[in-house]
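In order, the protein sequence lines correspond to chains Z and V. Note that our numbering has the first sequence beginning at 1, numbered continuously upward. Note that our numbering has the second sequence beginning at 1001, numbered continuously upward.
It is worth saying that the hints were derived from the structure and are not from the lab. Do not rely on the hints blindly, as some may be mistaken.
To be verified - In silico lysine to aspartate or glutamate, EDC-like type, Cα no more than 16 Å apart, as pairs:
{"id": "1", "chain 1": "Z", "residue 1": "K71", "chain 2": "V", "residue 2": "D1071"}
{"id": "2", "chain 1": "V", "residue 1": "K1031", "chain 2": "Z", "residue 2": "E56"}
{"id": "3", "chain 1": "Z", "residue 1": "K71", "chain 2": "V", "residue 2": "E1106"}
{"id": "4", "chain 1": "V", "residue 1": "K1133", "chain 2": "V", "residue 2": "D1071"}
Said to hold, decoys possible - Ranges between beta-carbon positions, derived for each pair:
{"id": "5", "chain 1": "Z", "residue 1": "I25", "chain 2": "V", "residue 2": "T1007", "range": "51 to 57 Å"}
{"id": "6", "chain 1": "Z", "residue 1": "I25", "chain 2": "V", "residue 2": "E1080", "range": "30 to 36 Å"}
{"id": "7", "chain 1": "V", "residue 1": "P1088", "chain 2": "Z", "residue 2": "V3", "range": "36 to 42 Å"}
{"id": "8", "chain 1": "Z", "residue 1": "G27", "chain 2": "V", "residue 2": "I1054", "range": "44 to 50 Å"}
{"id": "9", "chain 1": "V", "residue 1": "M1001", "chain 2": "Z", "residue 2": "F49", "range": "38 to 44 Å"}
{"id": "10", "chain 1": "V", "residue 1": "P1039", "chain 2": "Z", "residue 2": "S75", "range": "17 to 23 Å"}
{"id": "11", "chain 1": "V", "residue 1": "D1071", "chain 2": "Z", "residue 2": "I18", "range": "29 to 35 Å"}
{"id": "12", "chain 1": "V", "residue 1": "T1130", "chain 2": "Z", "residue 2": "S11", "range": "19 to 25 Å"}
{"id": "13", "chain 1": "V", "residue 1": "P1101", "chain 2": "Z", "residue 2": "S11", "range": "43 to 49 Å"}
{"id": "14", "chain 1": "Z", "residue 1": "E56", "chain 2": "V", "residue 2": "P1091", "range": "28 to 34 Å"}
{"id": "15", "chain 1": "V", "residue 1": "E1143", "chain 2": "Z", "residue 2": "I25", "range": "39 to 45 Å"}
{"id": "16", "chain 1": "Z", "residue 1": "S67", "chain 2": "V", "residue 2": "A1057", "range": "20 to 26 Å"}
{"id": "17", "chain 1": "Z", "residue 1": "Y43", "chain 2": "V", "residue 2": "D1064", "range": "23 to 29 Å"}
{"id": "18", "chain 1": "Z", "residue 1": "G33", "chain 2": "V", "residue 2": "R1008", "range": "47 to 53 Å"}
Backbone N, C-alpha and C define an ideal beta-carbon position, used for all residues, glycine too.
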Amino acid sequence: MLVLTRKIGESIKINEDIKVTVIEIKGKNIRIGIEAPKETKVYREELYFKIKSENESAAAAAKIDLSKVSKLFSSNLKKPN
Amino acid sequence: MAKYNTTRFGEIELNDEDIIQFPTGLYGFEKETKFVLMPFDEVDCPLEWMQSLINPALAFVVTDPFIFVPDYEPVLLDSEKKEIGLEPEDPFVIRVIVNIPEAYTEMTANLVGPIAMNRDTQIAKQFILTTLKYDTRHYLFSEEIRKSNTSKV
Chain Z
1 MLVLTRKIGE SIKINEDIKV TVIEIKGKNI RIGIEAPKET KVYREELYFK IKSENESAAA
61 AAKIDLSKVS KLFSSNLKKP N
Chain V
1001 MAKYNTTRFG EIELNDEDII QFPTGLYGFE KETKFVLMPF DEVDCPLEWM QSLINPALAF
1061 VVTDPFIFVP DYEPVLLDSE KKEIGLEPED PFVIRVIVNI PEAYTEMTAN LVGPIAMNRD
1121 TQIAKQFILT TLKYDTRHYL FSEEIRKSNT SKV
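With the rest of the complex left out, here is chain Z (with noise of 0.2 Å):
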């Protein structure tokens, strides 16, 4: 991993595009301002995790009685959430 110090209101390029400031820092939180063209995805780390343990949650779930399942949807299906 590249690790670089910067201070407040100092930033890092990535490629031409890409943009990352150092906004403020508040005892152990960091804001941090990301300039980046429309196409590419930011999002929290967190996010990716996230997903990845709902979908193992949700493989490991599958083991489900099918009729009952079914019943439920041919009961209810009329008052969807």
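Chain Z is fixed; fit chain V onto it per the hints.
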């Protein structure tokens, strides 16, 4: 036609065009690059199986999210559409993964990580929506139904 072994359905025979290719797998399941969609046998059930053709024991339950959330808007970037071979205006098929706990009425759909499929090429990918509008555990049944059924399941 090729034969695939599955735990849930036994041996199944599939044409190449029935197979959905996930070149990068699913999050946490990066090696699972081939699946097939199998409808539930029961009439009126909006759920489908998404059976892995790599790991016979792996199957997800998926559904069409628009049945439950008619105004669902899985917005993909043009660059993401390109990953599954789509031009910006091309239509695509969306499925979401359903998580079914022991109390079936508590089942949820992951609206944050939808699967988009290119209908022409059968190439698919799970995408992450960065909007905060949706939940990874969106209940498929109303609170009323969840409460009234809890005791029976």
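Which earlier hints can't be squared with this structure?
-> 1
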